[in-house]
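Chemist: Got chain P sorted already, so can you dock chains G and E onto it with the hints?
Residue numbers (this note's numbering), protein chains in the order written: chain P, 1 to 356; chain G, 1 to 245; chain E, 1 to 75.
The set of hints was computed from the structure by calculation and includes no laboratory data.
Values in this document were obtained by computation on a predicted structure and should not be read as measured data.
Be aware that one or more of the hints could be misleading.
Claimed, not checked - Pairs of lysine to aspartate or glutamate, EDC-like flavour, derived with a Cα cap of 16 Å: (1) E:Lys15 - G:Asp180; (2) P:Lys270 - P:Asp342; (3) P:Lys200 - G:Glu9.
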Amino acid sequence: MSNKVLMKGNEAIGEAAITAGCRHFFGYPITPQSELPAYLSKHMPKVGGVFLQAESEVAAINMVYGAAAAGARVLTSSSSPGISLKQEGISYLASSELPAVICNVMRAGPGLGTIQPAQADYFQAVKGGGHGDYHNIVLAPESVQEIIDHVRLGFDLSDKYLNPAMILLDGALGQMMEPVDFGDYKPELQEKPWAATGCKGRKMNAITSIHIDPRDMEAHNIKLQEKYSKIRESEQKCEEWMLEDAEIMVVAYGLCARICKSAIRVCREKGIKVGLFRLISLWPFPEKKLDKAIDKVKEVFVVELSAGQMIEDVKLVDNGRKPITFHGRMGGMTPSVEDISDRIELIHDRITQKVG
Amino acid sequence: MKVVYERPESLLDVPFTYCPGCTHGIIHRMVADTLDDLGIRERTIGVSPVGCSVFAYEFFNCDMVAAAHGRAPAVATGIKRVHPDKIVFTYQGDGDLAAIGTAEIIHAAARGENITVIFANNVIYGMTGGQMAPTTLIGQKTDTTPYGRSVEANGHPIRVCELLSSLDGVAYLERVSTHDPKHVLKAQKAIKKAFQYQVDGKGFTLIELLSTCPSNWGMNPLDSLKWLEESMLPYYKPGVYKDIG
Amino acid sequence: MPFIKVRDDLCKGCKLCITFCPKQVIRMSDRLNPKGYYVAELFDKEGCTGCGICARMCPDVAISVYREDKKEVPA
Numbered sequence: 001m002s003n004k005v006l007m008k009g010n011e012a013i014g015e016a017a018i019t020a021g022c023r024h025f026f027g028y029p030i031t032p033q034s035e036l037p038a039y040l041s042k043h044m045p046k047v048g049g050v051f052l053q054a055e056s057e058v059a060a061i062n063m064v065y066g067a068a069a070a071g072a073r074v075l076t077s078s079s080s081p082g083i084s085l086k087q088e089g090i091s092y093l094a095s096s097e098l099p100a101v102i103c104n105v106m107r108a109g110p111g112l113g114t115i116q117p118a119q120a121d122y123f124q125a126v127k128g129g130g131h132g133d134y135h136n137i138v139l140a141p142e143s144v145q146e147i148i149d150h151v152r153l154g155f156d157l158s159d160k161y162l163n164p165a166m167i168l169l170d171g172a173l174g175q176m177m178e179p180v181d182f183g184d185y186k187p188e189l190q191e192k193p194w195a196a197t198g199c200k201g202r203k204m205n206a207i208t209s210i211h212i213d214p215r216d217m218e219a220h221n222i223k224l225q226e227k228y229s230k231i232r233e234s235e236q237k238c239e240e241w242m243l244e245d246a247e248i249m250v251v252a253y254g255l256c257a258r259i260c261k262s263a264i265r266v267c268r269e270k271g272i273k274v275g276l277f278r279l280i281s282l283w284p285f286p287e288k289k290l291d292k293a294i295d296k297v298k299e300v301f302v303v304e305l306s307a308g309q310m311i312e313d314v315k316l317v318d319n320g321r322k323p324i325t326f327h328g329r330m331g332g333m334t335p336s337v338e339d340i341s342d343r344i345e346l347i348h349d350r351i352t353q354k355v356g
Numbered sequence: 001m002k003v004v005y006e007r008p009e010s011l012l013d014v015p016f017t018y019c020p021g022c023t024h025g026i027i028h029r030m031v032a033d034t035l036d037d038l039g040i041r042e043r044t045i046g047v048s049p050v051g052c053s054v055f056a057y058e059f060f061n062c063d064m065v066a067a068a069h070g071r072a073p074a075v076a077t078g079i080k081r082v083h084p085d086k087i088v089f090t091y092q093g094d095g096d097l098a099a100i101g102t103a104e105i106i107h108a109a110a111r112g113e114n115i116t117v118i119f120a121n122n123v124i125y126g127m128t129g130g131q132m133a134p135t136t137l138i139g140q141k142t143d144t145t146p147y148g149r150s151v152e153a154n155g156h157p158i159r160v161c162e163l164l165s166s167l168d169g170v171a172y173l174e175r176v177s178t179h180d181p182k183h184v185l186k187a188q189k190a191i192k193k194a195f196q197y198q199v200d201g202k203g204f205t206l207i208e209l210l211s212t213c214p215s216n217w218g219m220n221p222l223d224s225l226k227w228l229e230e231s232m233l234p235y236y237k238p239g240v241y242k243d244i245g
Numbered sequence: 001m002p003f004i005k006v007r008d009d010l011c012k013g014c015k016l017c018i019t020f021c022p023k024q025v026i027r028m029s030d031r032l033n034p035k036g037y038y039v040a041e042l043f044d045k046e047g048c049t050g051c052g053i054c055a056r057m058c059p060d061v062a063i064s065v066y067r068e069d070k071k072e073v074p075a
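Just chain P, same shape as in the assembly (with noise of 0.2 Å):
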């Protein structure tokens, strides 16, 4: 029996963490995510959680990362200019192997840029973003339902691989309105003998993130890439739609994949063969599937609001087997479905040779 109810992006990522067991969110005023901490501030108390804001982002991925070592699911949310204050602790979870959910309710950049909708995050988002050689596992959701299930299991695996998880979304998705179902989901909440919590009745536990000797530094880093390494085999998360007999395969995800899929229809109904493949992980980066399915068309054609930084991994993938074609707006601007229409019949006219 569905159980609907009409909720806002930005507080269903609150909702969801509360469903998923987190009692802890750490976090620093910035806009577009504004709901998201309000909406904590207001609830965490009913469920005996703590909401704290802190003095700045710095501190407050910090204390993500005490609460994550003392063992507790947290949640800390920020939108890109904060997200780049971030970077320091989310390197520190990465290195010491903390669970935590970071939330990018994205905006444009670079700089101070504006709160409109971007995607200009990506290469931040799951190259790492701050230093050293490491990984966030990053998903990307396209509606308000799709936001719950990524918190969720945003949560559950970064439990499972001790790894941060990144929700990568934007400012229209957090604003929008939409029905959601939160189910009858049960977290998997996972035994950590490693945290800190009291050394009473065993060994004192440390976590760190140094290793002085470059020997042991080495061999830390090894783990580590085993560990993506895993993720990378595990945990590739896409949705391939209308793809079956497409002959143009449009690449996106998130917000930008929503506006696609409206384009895809327009395209559809006037007969283009036309499908897309949407990112749901963008990073471990569902490379296995997309492999597959470059074969099966004529050309890809990658949208995003941004100048163009997920084309990159889709290029490795395809490694020059099939011609890609880009649309990006960056700077808070979208394209319209018409705009994504367009470019797909030129593409279409193009291949079947109706044009030049």
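Modeler: Frame of chain P; chains G and E shown alone:
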């Protein structure tokens, strides 16, 4: 004949990595003695900083979490908010606490986080090789103030206890010294009192310990203690800066 | 008689114990430890009162204090 004073249980049986005569070791012992005396070792979580005491997590025999530079009070806040019943302390130097971590220490104090901060002030950056610290004295020569710290170029040294004493969240602030047995005894009492306040849930406590850095001051350990007494005490006056009782 | 033991493996020869010993019964030995430090030693066992000042001032927590009476080193 029995042993009446030995290595506290709250210290692991490993040699410190500090230079000969460095007073970090004296302070470590006082903290460890306190954890033993109050019987709180098994419910204490320490937060180590960046600086010479970056390896403090290898020395204390209680759960330890290593923080990024200056962030120990934020990390401690996260831990304490998860385990309000546990005892949480940070161990920080002057660069860590009074320069890069200024925001974190002020706001942890202002929030009245029920944590204890052990602040070793030796007026210099030790680990990185003797650079000017926020607490470096006027005229003091360091690696980055080769002609002596000048007010024109570098401004004035920060007195942390005085700075924090105006904050309502603070329960107890005392500045003590490590330059002779009498002062060390006083320091021991202050540290114990700070932890006791935390056990009693009184709020934020910080003990500033005037400390030496023989290697980077370019002095032997004894001359360092003398220099501490003669040069540091007049500017950093020992005393209780706040005590809510 | 009270006495102290200095652990050779921990001592770094900083001489703080020697300086602050009220009875001046500690000195540098001619023993080098594996780290290359000359280590301190109690040379006058008659003179040691077991006051514990050396142990408290030892930055390497290398000194243990032994005594008959139950009175603890003041904390």
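Chemist: Now, for every hint given, state plainly whether the structure supports it.
Modeler: Each hint tested on the structure:
1. E:Lys15 - G:Asp180: Given that 16 Å is the threshold and the Cα spacing comes to 13 Å, the pair holds.
2. P:Lys270 - P:Asp342: 11 Å, holds
3. P:Lys200 - G:Glu9: 13 Å, holds
Checked against the numbered hints given earlier, this structure breaks none of them.
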